[in-house]
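S.K.: Residue numbers (my numbering), protein chains in the order written: chain A, 1 to 326; chain B, 1 to 336.
Any given hint might turn out to be false.
Per the computed footprint, the stretches of chain B lying under chain A, defined by three or more beta-carbons under 8 angstroms from a beta-carbon of chain A, are [to be verified]: (1) 86 to 94; (2) 114 to 124; (3) 231 to 239; (4) 269 to 277; (5) 288 to 296; (6) 300 to 311.
Simulated restraints on C-beta separations [unchecked claim]: (7) 81/A / 33/B: 46 to 54 angstroms; (8) 18/A / 78/B: 33 to 41 angstroms; (9) 77/B / 139/A: 43 to 51 angstroms; (10) 164/A / 78/B: 58 to 66 angstroms; (11) 47/B / 136/A: 49 to 57 angstroms; (12) 136/A / 286/B: 49 to 57 angstroms; (13) 183/A / 334/B: 36 to 44 angstroms; (14) 72/B / 63/A: 15 to 23 angstroms; (15) 156/B / 164/A: 46 to 54 angstroms.
Simulated from the structure, these hints should not be mistaken for laboratory data.
Positions of the beta carbon are idealized from the N, C-alpha and C atoms, including for glycine.
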Amino acid sequence: MADRVERLTNLLAVLLETKVPMSLADITDALSGQYPDVERPRRQAFERDKLALREIGVPIEMEVRVGDEFAGQTMYWIDRSAYELDDLDLEPDEMRALQVAVATVRTDSQVGADAILKLGGGAGLAERPSVSAVLPDRPELPVIRAAVAARAPLTFEYRGEERTVEPWGVLLRGGFWYLVGHDRLRRAKRTFRVDRIDGELDVGEGDAFERPPDFDPRTAFPADPKQIGHASDDAVDATVHIAALRARAIERELGAHRVVDRRDDGSIDVSVPATNLDAFRSWVIGLVDHAEVLGPPEVRAHVVDWLRAVSEPGGAEADHLAEHIR
Amino acid sequence: MSAAGSPAARGPRNAQDRLRRLLVMLPWLMEAGEVPLADVADRFGMTPAQVTKDLELVAMCGLPPYVDEMIDVFVDDGMVFVGVPRLFTRPLALTAPEGFALLAAARLAMELPGADPDGPLARGLVKLNSVLGDVGIDVSPDGVADGTSDVAVDLDGPAWTAELIDAVSTGSEVTIDYYSPARDEVSSRRVVPRHVFVDAGNWYLLADDDRSGERRTFRIDRMERVEPTGVIHDLDPLATAPAAFFADADLPRATVRLQPQAQWIIDRYPTDSVEPVASGGGADDVGAVDVTLSIASSRWFERLLVRLGPDAEVLAPAGAESGGVELARRILANYD
Chain A
1 MADRVERLTN LLAVLLETKV PMSLADITDA LSGQYPDVER PRRQAFERDK
51 LALREIGVPI EMEVRVGDEF AGQTMYWIDR SAYELDDLDL EPDEMRALQV
101 AVATVRTDSQ VGADAILKLG GGAGLAERPS VSAVLPDRPE LPVIRAAVAA
151 RAPLTFEYRG EERTVEPWGV LLRGGFWYLV GHDRLRRAKR TFRVDRIDGE
201 LDVGEGDAFE RPPDFDPRTA FPADPKQIGH ASDDAVDATV HIAALRARAI
251 ERELGAHRVV DRRDDGSIDV SVPATNLDAF RSWVIGLVDH AEVLGPPEVR
301 AHVVDWLRAV SEPGGAEADH LAEHIR
Chain B
1 MSAAGSPAAR GPRNAQDRLR RLLVMLPWLM EAGEVPLADV ADRFGMTPAQ
51 VTKDLELVAM CGLPPYVDEM IDVFVDDGMV FVGVPRLFTR PLALTAPEGF
101 ALLAAARLAM ELPGADPDGP LARGLVKLNS VLGDVGIDVS PDGVADGTSD
151 VAVDLDGPAW TAELIDAVST GSEVTIDYYS PARDEVSSRR VVPRHVFVDA
201 GNWYLLADDD RSGERRTFRI DRMERVEPTG VIHDLDPLAT APAAFFADAD
251 LPRATVRLQP QAQWIIDRYP TDSVEPVASG GGADDVGAVD VTLSIASSRW
301 FERLLVRLGP DAEVLAPAGA ESGGVELARR ILANYD
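Chain A with its partners taken away, still in its complex shape:
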């Protein structure tokens, strides 16, 4: 039998050339001798080829014929306008910029490089970019983006619950992709880690919702977790003493406007958002013994209680915390 590449190429050619949808019998006539003669293996071979073509992106359309002597037969064709890449008219510098962008991204897949080749780019870059970024590759992302564009709701399992979300956009932050949208179950805007979505995404009908006109995924949730609070009027700032060893770095991280006192030994006192007490405590502990919470008293007491619970595992403090702090 002929090489399978030859049969696939001929199948693609016949479906591209045909003016009318073709049945399997029409197709095997046109490719005489290339498919098995016996009905069952012939059907199986064709289905395998059809799947192979679809997997490389060939839009094979099909419909079951009704109303004439061929009724019941499945007819196949390719929509040529969907098959061919439109000419993008990319200028050489635009092509090169896209190519550099793809080279900048570190990912496990070859998909971006393949896309560049399709666009006609791919002449070797003279040098490697000075900078690169790891881009997590998630199979859900193209589906989510298409749903955003179509304004189609998505249904999926998330942390053991079925959620239906009107997707507004996706955001890469801190090395993770997030889906931001309106959660119909919670009746509120919610953010979901894309890699935590369990199983398949079910895409609903399009044009099912309106996205807020000025939506920007980057402002959908604060980048600094210490600022996440329940309402703006209960914002809490804590004062923290930072030892000289870490003072310069912390001043740069927070900004000079957060420095409330400078000591002769090079240490500083800073004012830090503590609205989200968990995030604040985590940040302070990250500075180990180079930081001390000075106030307000209840924030200082919380951190001291926490440290005591850890320093006396199984002690009374641990039980006390478990009961009262939560």
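We have chain A; now place chain B onto it with these hints.
M.R.: Then chain B, alone, in the frame of chain A:
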């Protein structure tokens, strides 16, 4: 970027992959007319023998009444010649994953220090958007009407990032003051920046370090000062981020029982396994999970245990919690 090293150049090639490559190669060859075989092979990450085999095969493809003349291509004396074809003059449209990969890469590149919001990349993105099957063009917040504000990338590099990228491209040596958590001290060293990369939200500098004489990776947010020394070194055009930066099977492991409030670490750090605690373990463990994770450094693990506090309990190995207890006591000394 040559496509060398793409899967086609390695392992066995199945019919599907060969056809996929051909459908990209043929339109490009038709555009070019005649191309050295070696260039075709290099571009598509194949051997010259593979290119020849596949092109000779498609040259034989054809359907009545055009048998053998559907694709007019032949290979002779190291050159590939392509005549005016009937079919396969245009590449296949981009698939959804390809479109997303380009868009995400371009978005990411636009967020890098020094990106030009009106430059060729932004213009290319606008054109690309027209083939991505989008509905409705949005105006993104920075005023670029590229319709891609539904895919956003937030890289947010620390101070010095742009300067260090510049230093890489010019080979400029710099002095850095660097805080090492392992030694808990700030030290000054001269380094030659070779590559800047971002992984899991953290920015790193790969640089030749004069202290160790080795190429080392530094976290940029731990630099307290960066100053050029004025010394210029030859560029290393091959320098790039280390592969599999955090994957290390040789690291020691610990198993920790996490209450729900502590389970954010599963999202943050690489874990080997996450097992829900079987019911019947007592009301205290409702919603708890047992997590096995690698211990990249003992300092990091001590800090993690103090952060997690009463929401985490070390199950194994025995005694692994002692570092956390010690650290909590050391910090508490500040509050006496």
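S.K.: Decide, hint by hint, whether the structure agrees.
M.R.: Each hint tested on the structure:
{"no.": "1", "hint": "86 to 94", "in the structure": "holds (count 6)"}
{"no.": "2", "hint": "114 to 124", "in the structure": "holds (count 5)"}
{"no.": "3", "hint": "231 to 239", "in the structure": "holds (count 4)"}
{"no.": "4", "hint": "269 to 277", "in the structure": "violated (count 0)"}
{"no.": "5", "hint": "288 to 296", "in the structure": "violated (count 0)"}
{"no.": "6", "hint": "300 to 311", "in the structure": "holds (count 6)"}
{"no.": "7", "hint": "81/A / 33/B: 46 to 54 angstroms", "in the structure": "violated, 27 angstroms"}
{"no.": "8", "hint": "18/A / 78/B: 33 to 41 angstroms", "in the structure": "holds, 38 angstroms"}
{"no.": "9", "hint": "77/B / 139/A: 43 to 51 angstroms", "in the structure": "holds, 44 angstroms"}
{"no.": "10", "hint": "164/A / 78/B: 58 to 66 angstroms", "in the structure": "holds, 60 angstroms"}
{"no.": "11", "hint": "47/B / 136/A: 49 to 57 angstroms", "in the structure": "violated, 32 angstroms"}
{"no.": "12", "hint": "136/A / 286/B: 49 to 57 angstroms", "in the structure": "violated, 32 angstroms"}
{"no.": "13", "hint": "183/A / 334/B: 36 to 44 angstroms", "in the structure": "holds, 42 angstroms"}
{"no.": "14", "hint": "72/B / 63/A: 15 to 23 angstroms", "in the structure": "violated, 34 angstroms"}
{"no.": "15", "hint": "156/B / 164/A: 46 to 54 angstroms", "in the structure": "violated, 31 angstroms"}
Of the numbered hints listed earlier, those contradicted by the structure are 4, 5, 7, 11, 12, 14 and 15.
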